[in-house]
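> One-letter residues, chain by chain:
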Amino acid sequence: MATLQRRLWDHGSVRFGVAVLAFMVAVALLAPWLGTVDPAAMDANHINKAAGVAGDFALPDGQAVAHTFWLGTDNFGRDIYSRVLFGSRISLVVGIATAILALGLGGLCGMLAGYFRQVDMFLMRFMDGLMAIPAVLLAIALVAALGANVATVVIAIAIPEVPRVTRLVRSLVLTLREEPYVEAARALATPTPVILWRHILPNAMAPLLVQGTFVAASAVLTEAILSFLGLGLPPDVPTWGNIMAEGRVQFSQQPGNVLFPAMFLVPTVLAINLLGDGLRDVLDPKFAKRVG
Amino acid sequence: MTQPVLLVDNLSVALPSGADRPMALQDISLKLSAGQTLCVVGESGSGKSVLATTVMGLLDGELKVSGGSVQLLGESLLGASQARLRALRGRAMGMVFQEPMTALNPVMRCGEQIDELLRTHTDWSVQQQRRAVLDMLAQVRLPDPERMWHSYPHQLSGGQRQRIVIAMAMVMKPALLICDEPTTALDVTTQKDILQLIQTLQQETGSAVLFITHDMGVVADIADQVLVMHRGVAVELGSRDQVLRSAQASYTQALLAAVPSMTPPPARHIADTPALLRAVAVGKTYDTNRALHDASVALRSGETVGIVGESGSGKSTLARCVLRLIDPSSGEIFWGEDEIATLPEARLRPLRHRVQVVFQDPNRSLNPRLTVGESLVEGACNFGMGATEAKALAEQLLQQVQLPVQAMARYPRQFSGGQRQRIAIARALACRPQVLVADEAVSALDVSVQAQILQLLRQVQQQFGLGLLFITHDLRVAAQLCDSVIVMHQGQIVERGDTATLYSQPQHTYTRALMASAPGIAS
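Those sequence lines, one after another, are chains V and U. Quick note, the first sequence lines up with residues 1 to 292 if you use the working numbering. Quick note, the second sequence lines up with residues 1 to 523 if you use the working numbering.
Since no wrong hints were added, every one of them can be taken at face value.
Incomplete in silico selection of chain U near chain V, CB under 7 angstroms:
1) Leu323
2) Leu325
3) Arg349
4) Arg364
It should be emphasised that the hints constitute simulated quantities derived from the structure, not laboratory data. Think of the CB as a built atom: it goes at the ideal place given N, C-alpha and C, for glycine as much as any other residue.
Using the sequences and the hints given, assemble the complete structure.
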């Protein structure tokens, strides 16, 4: 499939999205080696420092290190630069894990609903009910019920996405199950799970992948929203949403505490969305001609 | 005064680099006078539709005219501006496409769609336009023009829709009517009416008709002149009788020879063995719609039973019932001795190898994500064969359907339509079936490929003693292949009999109408 890779890479949105995301992943992975300090460490001597100020930073173990506060410090004396870089880890993990979970659950429900008429009615009415609850509200309720840590935040963001993925997969399966090659497989006595796994799922993969990128982008945003509202991960965990939430109170004096994490958040979401658009253009036959 | 309506001179159209050949059209010349019909005939990929779109000025952006000229009533079309072409389309040339549903706007009343042309191209008053539209609707022999004016396309039948499209094309009384496979999507009886209508309109208006088709039977029915195309080259141009009776080019001869005859070959002797497949009074009802009632069919080893009928006749429903791809609402189905009409899937599965299927659309009958080898071994493995053994069997079957063993590792998209149908046949044979159901298995193929696939079906039938249930809308194909034929109409079997008798003495009025509608060289 060398030609497919070629076509993907030739697409501007895909290239931009991949480049930005690769940069973000590199930042997240290499955060400890990029001149950061412990993101949770507070130094009372360095409260609300302006961006670019240098000084000795006292670590929790009492040791002091020479450090430049590239993006300043917050009102607890924590280094924003370190917090933003470490925060990218949480955002990316939440984004990717949510997408995988939502696709997995939604894909399974969608295949069941699309292929088995007996469960379709029940499952889809349940999904309709789920869709009627606003996503952020549902996430807030779930986090409140389950307690706040990365796993529950991922679950809380993924659950409201499941109905959308289910609907997409169900409609794909409804068309694919009528394909002659699926009927031929039935005539060949292929067991139903194998038909779903071998004949239906791979042919539904392209739109599913595209949907996954949009789920990931919205998950990154939703995680920031939850944290910003104080309902996501605990304040000591550096996430972009938490940094902005804490920076909000003194936005007029220290706008950087909100703007710097936003400068990471916005390109990340944009990059994921553009990647999704590009994937759809290349993989979806309905758009193939316009690109080709 | 003898100026031709359409004059194409040495027209060449280049394909983009990377296509299977450099030129879509190469040095095509033709002359079409008023009141004449020129049929452009060829197989898929011959460039016949490119010719039509070039004349209309609707050529796809990737294709470029690289030489020659096209003149409509003495006016050159190739250099004409888009505005001029738009003015000419509709006024001087009308077009009729293959699929009437997509050619019409589904949310606009039919009358308004015809009227739109008059509003664009004339300065007539509203009353004048309305009268012209109603006249035109009457002229295309639509009943109750007033009601048709107010109908939406989905409220009409396929034939009526095509009449609306023809009315749109003809309302400005264009000098040239271009028809691109206008009857291919229609049933034979409807096709006959539409062809007659085009001829009548042509006589009334004196238009010249450029008629694109793949069907030699249609050519025989309506053409004055015939242009035979093959891979972008005009292989033969001449009067209808000249081309059909004494074709010069070997390609034309081969094309004509591949058209199956309406006369059945001498009957074969079929040994009287117990039926491999038997359906007794099978019915299928969707909600309140009875798609199939009381259909019975029996099939012995080595026998071919044809089921012919038009779309909606219930022939595919019957096929899917006997395959148990859908559950029949009533009746009994026997696979050998076993009654399977209501058997649950789990108990049916071990018996499924007995009855296999080949579908119509070669593009969709193979999973695009599996290699040919993976598709071929699936059936055998499902019935407990080991992987190595199944692979050996698949390779052997590939040779049997005349494909190289290397095909195993390739994907379906790397094969032509005919090759894919061969693979589909090999896949069905891999689990050693007793009965093969072919649901329009050759209908999407060009005639020459069709002939090869029919030959292959005969061959495997003989070798494995298969019972073949052959579903088709094509009476010619059925005549050549089937020992007996069942005619279906509106969900019911209206007539059955051995092929020779049925074709020579059709009893039922519908069968007679069907036989009379088949376009043909012999008829």
